[in-house]
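Quick mapping for you: the protein sequence lines, in order, are chains V and B.
With this note's numbering, letter number 116 in the first sequence gets 116, and the count goes up by one each step, no holes.
With this note's numbering, letter number 109 in the second sequence gets 109, and the count goes up by one each step, no holes.
Errors might be hidden in some of the hints.
A short, non-exhaustive set of chain V residues, derived as facing chain B with CB atoms under 8 Å [stated by the list, open to error]:
#1 14
#2 15
#3 39
#4 43
#5 44
#6 65
#7 93
#8 107
#9 111
Honestly, the hints are just simulated from the structure, not real lab data.
C-beta atoms are modelled at their ideal positions from N, C-alpha and C, and glycine is treated no differently.
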Amino acid sequence: GAVVSQHPSRVICKSGTSVKIECRSLDFQATTMFWYRQFPKKSLMLMATSNEGSKATYEQGVEKDKFLINHASLTLSTLTVTSAHPEDSSFYICSARDTAGGFHEQYFGPGTRLTVT
Amino acid sequence: KQEVTQIPAALSVPEGENLVLNCSFTDSAIYNLQWFRQDPGKGLTSLLLIQSSQREQTSGRLNASLDKSSGRSTLYIAASQPGDSATYLCAPANSGYALNFGKGTSLLVTP
Chain V
1 GAVVSQHPSR VICKSGTSVK IECRSLDFQA TTMFWYRQFP KKSLMLMATS
51 NEGSKATYEQ GVEKDKFLIN HASLTLSTLT VTSAHPEDSS FYICSARDTA
101 GGFHEQYFGP GTRLTVT
Chain B
1 KQEVTQIPAA LSVPEGENLV LNCSFTDSAI YNLQWFRQDP GKGLTSLLLI
51 QSSQREQTSG RLNASLDKSS GRSTLYIAAS QPGDSATYLC APANSGYALN
101 FGKGTSLLVT P
């Protein structure tokens with residue numbers, strides 16, 4: 001299957017700082033990428049839909065000014081957690097939609113473990 | 001809002017058994033449905049994709065069925081192996097292609 005990478009895989013930051021997470025589709029172009037977060041023993045929660053060349057669409061309850069999303073190219077979307085707080089500590093996972101063949105299959109990155117101290 | 005339920009929540013079996021994992025969803029207006037596996041602390045690996053017009057898909061020892069009108073999908077795993085141990089997630093996609101997840105089924109296959 002197609003490959004999606006995320007960087008970094010783990011990051012520890014101090015409260016009040018900002019952290020940027022990158023999501024790349026390595027072997028296909030993705031006009032749409034999605035950002036999820038996952039708490040321990042919980043299901044994945046969709047945060048936002050990232051569209052190449054336009055503003056992201058955020059789910060209800062997700063602060064767009066806190067979780068900045070930029071989808072500047074067909075292979076890269078970034079999520080920046082601004083002014084991070086300990087409650088932002090979580091596992092963040094991105095996915096990219098491959099429209100080849102009209103199947104719209106989604107491929108996920110390996111995730112980023114964020115710890116805010 | 002799409003609600004996804006997976007039964008059972010956890011399953012422990014000896015290797016070699018054939019397994020059935022169940023998924024139900026409340027909104028039948030889906031575009032497609034994907035089954036994933038997630039290993040601890042890792043991302044998701046796509047196992048099978050079923051289009052809304054399809055009834056089933058097969059890949060190796062895995063077979064997934066879809067009954068869209070009743071909001072159900074089932075993943076069959078034949079001849080289970082210890083390497084199959086993981087959390088299995090089903091995720092129907094809405095018209096905007098965003099996936100909706102349940103809590104998954106945690107599978108342990110013992111040697």
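Results for each hint:
1. 14: With a closest approach of 23 Å, the residue 14 of chain V hint is violated.
2. 15: violated (24 Å)
3. 39: violated (11 Å)
4. 43: Status holds, d = 4 Å.
5. 44: Given a least distance of 4 Å, the restraint on residue 44 of chain V holds.
6. 65: violated (21 Å)
7. 93: Nearest chain B Cβ about 6 Å off; hint holds.
8. 107: Where the cut-off is 8 Å and the nearest Cβ of chain B is about 6 Å from residue 107 of chain V, the hint holds.
9. 111: Constraint on residue 111 of chain V satisfied, holds at 5 Å.
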